[in-house]
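Trainee: Sequence:
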Amino acid sequence: MSRTSEAEAQQAASDDPMKYLWATEGAFRMLTLAYSLFIHTGAVDHYTRPHLATALIAVQCIWSGVVALALFARPRWRSWLVAGDIVVTLGLMYATWIVADASWWDHNQSLPTTMWATNAVLAAGMQWGVTAGFLAGVGISLASLHIGDDLSWMVRSPTMPILVSSGIAAGVGGVGARRSHAQLVAALELRARAAERERLAREVHDGVLQVLALMGRKGPSFGAEGAALAQLATEQERALRTLIADVDEAPIAAPGSSSAPVDASTDGAPVDLRRELLALAGDRVRVSAGSSPVLLDAARAGELLAATKQALANTERHAGESATAFVLLEDLDDEVTLTVRDDGPGIPDGRLAEAKAQGRMGVSRSIVGRVESIGGRAYLEAAPGEGVEWEFTLPR
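For what it's worth, this note's numbering labels the leading residue of the sequence shown as 3, then goes sequentially.
If you're looking for bench data, these hints aren't it; they were derived computationally from the structure. Please note: incorrect hints may appear among the correct ones.
Said to hold, decoys possible - Label-pair restraints from in silico Cβ distances:
id : residue 1 : residue 2 : range
1  : R51       : G178      : 40 to 46 angstroms
2  : A36       : V140      : 53 to 59 angstroms
3  : G377      : T26       : 31 to 37 angstroms
4  : D17       : L231      : 42 to 48 angstroms
5  : T56       : A29       : 23 to 29 angstroms
6  : H183      : Q233      : 49 to 55 angstroms
7  : G377      : A281      : 30 to 36 angstroms
8  : H183      : L137      : 20 to 26 angstroms
9  : E388      : E227      : 40 to 46 angstroms
10 : D345      : Q233      : 19 to 25 angstroms
11 : R219      : D17       : 47 to 53 angstroms
12 : D47       : H148      : 43 to 49 angstroms
13 : L137      : V61       : 54 to 60 angstroms
In this text, all values refer to a predicted model and were calculated from it rather than measured experimentally. Just so it is clear, CB atoms sit at the ideal spot from N, CA and C, and this is done for glycine as well.
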């Protein structure tokens with residue numbers, strides 16, 4: 003896989019798909035804690051053991067802060083934390099019996115309010131799914147009604163519908179978040195594999211396919227054996243083009259990313275693109291690159307240089323022996339522009355579509371694909387009798 007695409011897939015796989023839901027649950031926990039404290043200040047005078055009630059409320063505060071932070075930051079602890087949350091919630095609810103008399107808890111909320119107890123239901127649903135959220139909602143609802151010592155309220159009280167529906171909703175949210183995350187990871191892995199296939203297809207085109215095509219053209223000039231080898235080379239070229247033709251033409255890498263096959267020891271090291279282009283100058287190639295170095299990192303410079311070489315190879319192959327190619331490099335403030343133009347006969351109408359149908363990927367893979375894979379843009383202007391001009395634009 004290309005380094006950028008592979009890194010994105012690995013980063014997504016290591017991300018916690020539930021962290022934002024747990025952050026939201028933590029915020030809700032703090033709000034319900036504030037409400038519970040407000041209710042406590044008005045109820046403490048009615049308790050038979052106000053000091054014990056205040057101590058238990060302090061435990062509620064400490065537990066709320068610890069569990070909210072740990073559920074967000076410690077994914078491996080969540081199952082134990084959620085189980086503990088249910089136990090602590092039920093314990094604090096039933097502690098109402100020892101801090102107040104029957105005349106109080108028979109007609110009022112439990113020590114930690116039912117709203118705060120909803121957090122345990124939400125946590126169960128988020129961690130273990132819809133069924134767990136439903137069961138936690140039912141269990142804490144029954145406990146709340148039991149503490150009031152009037153289970154006939156089950157029919158009239160909104161406690162159970164609210165808690166049960168909260169648990170189900172949290173379970174649906176948790177399942178959806180995990181499923182979406184799994185789909186994202188799968189999509190990024192698919193994109194990384196496609197980007198690697200794209201890179202390999204370009205390498206095959208620039209190497210093996212070029213050699214096979216040359217053997218197919220030159221073989222017959224070496225007699226019968228050369229003609230036989232040329233036939234085999236042509237067949238293998240056709241088969242290999244068919245094999246790599248199923249890679250989508252549109253580049254996969256995101257703008258600004260690099261999928262260049264550079265050695266790790268030089269990846270990111272500055273390369274003077276001007277010097278590399280001047281080395282391409284010859285009898286049929288004129289290079290104008292200014293007088294100052296044009297420094298790019300090795301990955302981007304390598305892909306831009308490879309696209310340029312492919313454009314020059316196309317000129318040599320298709321424009322005729324008398325055609326001359328002109329390379330112009332411009333280093334602007336915020337971008338580098340590279341133009342490759344020839345004075346050949348141009349490209350006949352429909353020729354590019356025909357080449358694509360035949361599986362010839364020189365334009366789409368070795369040129370456009372390379373430039374776009376490093377965040378650049380490639381423009382082609384070609385008309386019969388007017389030569390071919392490529393313009394590569396690479397943002398700084």
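Trainee: Tell me, in ascending order, the numbers of any earlier hints that this structure violates.
Mentor: 2, 4, 7, 10, 12, 13
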